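Protein chains in written order, with the working numbering: chain W, 867 to 971; chain P, 17 to 426.
Keep in mind the hints are simulated off the structure, nothing from the lab.
Since this is a predicted model, take the numbers as computed values, not measurements.
Honestly, I wouldn't trust all of these hints.
Calculated from the model, a selection of chain W residues having no Cβ within reach of chain P, i.e. all distances over 12 Å [stated by the list, open to error]: (1) Leu877; (2) Asp890; (3) Glu907; (4) Pro910; (5) Thr917.
To give an idea of the chain P side of the interface with chain W (calculated C-beta under 8 Å), a few residues [claimed, not checked]: (6) Glu172; (7) Ser210; (8) Pro216; (9) Asp236; (10) Gly238; (11) Trp252; (12) Asp253; (13) Glu282; (14) Leu283; (15) Pro311.
Just so it is clear, CB atoms sit at the ideal spot from N, CA and C, and this is done for glycine as well.
Chain by chain, the residues:
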Amino acid sequence: METICLAGKTLTLDNDGNLANCNDWNEAIACELATQEGLDELTPQHWAVITYMRAVFHKEGDAPSIRRLTRESGVDTKTLYKLFPKGPAKKAARIAGLPKPKGCI
Amino acid sequence: MRHMLILGGGTGGTMMANKLAHALDLNTWRLTVVDATGEHYYQPGFLLVPFGAYRMRDLVRPRQQYLPQGVRLIRSSIEHLNADIKTVVLASGEQLRYDCLLIATGAGIHPEQTEGLLDDEWGQNKFDFYTPTGAERLAQFLKGWQGGRLVVSITEMPIKCPVAPLEFLFLADAYFTERGMRGKVDLHLATPLSGAFTRPTSNRILGDMLRDKGISVTPDFGLARVDSREKKLVAWDDTEVPYDLLVSVPTNMGDPWIARSGIGNELNFVLTNKETLLAEGLEDVFVIGDASNLPASKAGSVVHFQSEILLANILEHIEGRPPRARFDGHANCFIESGFGKGMLIDFNYETEPLPGTFPLPGLGPFALLRESPLNHYGKLMFRWVYWNLLLRGVELPIANEMLMAGKVAA
Ligand SMILES: Cc1cc2nc3c(=O)[nH]c(=O)nc-3n(C[C@H](O)[C@H](O)[C@H](O)COP(=O)(O)OP(=O)(O)OC[C@H]3O[C@@H](n4cnc5c(N)ncnc54)[C@H](O)[C@@H]3O)c2cc1C
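So here's chain W without its partners, still in its complex pose (with noise of 0.2 Å):
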C-alpha cells in the first residue's frame, strides 16, 4: 500500500490513489488534496459539495454519481465541472477522503 504524507499526517492510499481510510481526513487534508488536484482554493461552493458527499457516503457507503449531485447538492452539472474540473465526482471524491465511486463501472 502506497502512503502518503499531508498536513503532517501518513496517510494510507487505496490502488486509485484516494485515501484508503475516509477517518483520516480533515479540512487542512483536503486544502492540500484539493492543490493535488490542481485547485486553486476551496470556495463555499467547494465545501457545500464535498460535505454533500461525505453525508452520502456515511450514510450509503458509496459516493454519489454526478447526476446525483445535480438532483440532490443544489450545484448544476456545469457549474460542478467549472468546481472540479474534468470529472467532478471522481475528483470530489478524493478531495473529500472517500474511495473512487462505484457507479463508474
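Chain W is already provided as a structure; the job is to place chain P with the ligand on it using the hints.
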C-alpha cells in the same frame, strides 16, 4: 397456491424461471413471467450486426420457447409496483399479487437524456448499436459510407457491457482495413472515464491496444450536448469533439416503471443488497441483472453468476430462513479485438481484471487480457451456449465465485 412473480423475461428472468421451475414444488407454487414483448434478443450479438457478421434475424427467438412448461407468460408492460399490498399493476389493468417477486427488467438506452442527441439526424449520421433498430440502421449506413471521422461516444456510466464500445472500435478498425479504406477513416473514442477502461491494469493494456490500432481517445469527456448542425460533441467544460459519423452509447437507465414505483436511484436502478440480491427496504423482493444498482458490470455473465446464488437465497427466503449465499461481483467478458482474435477478462468487486490464463475444463485455458484466436471462438460459441445452456439454467463448468487460479498479480 403461493405465487412467484418474475418481472422481465430476458436473460435473467428466463434463466431464473427455468431454475425455479425445477427447484420449486409446482403443486404449491405458481410461476408467472411478465414481459412487454414476445421476442427475446441475444444482445451481445448486436455488436456484430453493424459490420454485417450477423443479421438481426439470427439473434432473435420467441420468448415463450425458452420458458419451461407450466410457467405462464403474460405479455404486457409493467405499470408499477405497490409493495405495501404485494401487488404489481400491469398496463392492461391486470393486478398480480405475489408471495415472492423477482425484478429482471434490465436496462435500456435513453438518448433523450442528452440535449441534441435525439433529433432529426438520429438515424442519419448519429446511431446507437444497443437496440435492434439502431444496429441495423448503422449496418445499412456503413455499407455505403465513404469514410471520415467516426466517433464512439459514451455519455455516462454505468453502461451495459462496458467493453462493448472498445470492441466496436477494434472491429471497426478491422472492418475498414479489410475493405481497403482504413486510411480514409479516423477512429476516436470520447469517454467520461479517465482512460480506456475502469480499472488500472486493464486500462493500461486496453489503452495500449487502442494506440497500436491507431484509435485516439478523449478521456474525462463529460458530454453536455450534441451540436448536430456543426457536427460536434460539446462537453460540460466546453471541450469539443467533431464527428462525421457518431456512434453513441446513450445513458443507460432502468425501466420507467421503477421510477413510478419509487424503488430506484437517479438512473432508475433498483436499490439492491450487493451480496444477497434482496431489494433494499422491500419485503420478499429480489433483483437480478442489469436492473439492480450493484457496483458490478451489467453483463450476461454477471447475470449467470448471480443466478445460482439467487436461487439458493430465494429457496431459503421462502422457507423463512435468512439468505446465506453471497454474490462477489464476479464478471467474465470476452472482448472481440478484430482480425479473428479476442481477449478475456475475469474480475469481481475487489479484484481487478488480471493477466494470466482462465482454466475451463474441455475448452480452455483461455488467455486473460491478451489477444488470441481461441478467445474469438469462445465469444462466437457463446451465442450457442446462451440459447442452449445458459437460458435453460444448465450448470456450466465455471465457478460462480471468481478464482485466482491462473491469474498473475499485477
Ligand atoms: C451491444 C451489447 C453487447 C453486449 N455484449 C455482452 C457480452 O459480450 N457479454 C455479456 O456477458 N453481456 C453482454 N451484454 C449485456 C447483456 O446482454 C445484458 O447484461 C443481459 O442481457 C442482462 O439481462 P437482464 O435479464 O438483466 O435484462 P434483459 O435481458 O435486457 O431483459 C429485460 C427484459 O425486461 C423486459 N422489460 C423491461 N421493462 C419492462 C416493462 N416495463 N414491462 C414489461 N417488460 C419489461 C424487456 O422487454 C426485456 O425482455 C451486451 C449488451 C449489449 C446491448
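Are all C-beta atoms of chain P more than 12 Å from that of Leu877 of chain W?
Non-interface label on Leu877 of chain W holds, nearest chain P Cβ at 20 Å vs cutoff 12 Å.
Have a go at the Leu283 of chain P hint: is there a Cβ in chain W nearer than 8 Å to its own Cβ?
Since chain W brings a Cβ to about 7 Å from Leu283 of chain P, closer than 8 Å, the hint holds.
Any CB of chain W closer than 8 Å to the CB of Asp253 of chain P?
holds, 5 Å
At a threshold of 8 Å, is the proposed contact between Glu282 of chain P and chain W supported by beta-carbon distances?
holds, 4 Å
Have a go at the Trp252 of chain P hint: is there a Cβ in chain W nearer than 8 Å to its own Cβ?
holds, 4 Å
Hinted contact Asp236 of chain P with chain W - closest CB pair below 8 Å:
holds, 4 Å
12 Å Cβ clearance of Asp890 of chain W from chain P
Nearest chain P Cβ is 21 Å from Asp890 of chain W, so the label holds.
Is the shortest C-beta separation between Glu172 of chain P and chain W less than 8 Å?
Since the shortest Cβ distance to chain W is 7 Å, the answer is holds.
Minimum Cβ-Cβ distance from Pro910 of chain W to chain P exceeds 12 Å
holds, 21 Å
Please check whether Gly238 of chain P passes as an interface residue: C-beta within 8 Å of a C-beta belonging to chain W.
With a closest approach of 6 Å, the Gly238 of chain P hint holds.
When the least beta-carbon distance from Pro311 of chain P to chain W is tested against 8 Å, hint result:
holds, 3 Å
Since Glu907 of chain W was said not to touch the interface, does its Cβ keep a gap of more than 12 Å from each Cβ of chain P?
holds, 19 Å
Violation of the numbered hints given earlier is absent; every hint is satisfied by the structure.
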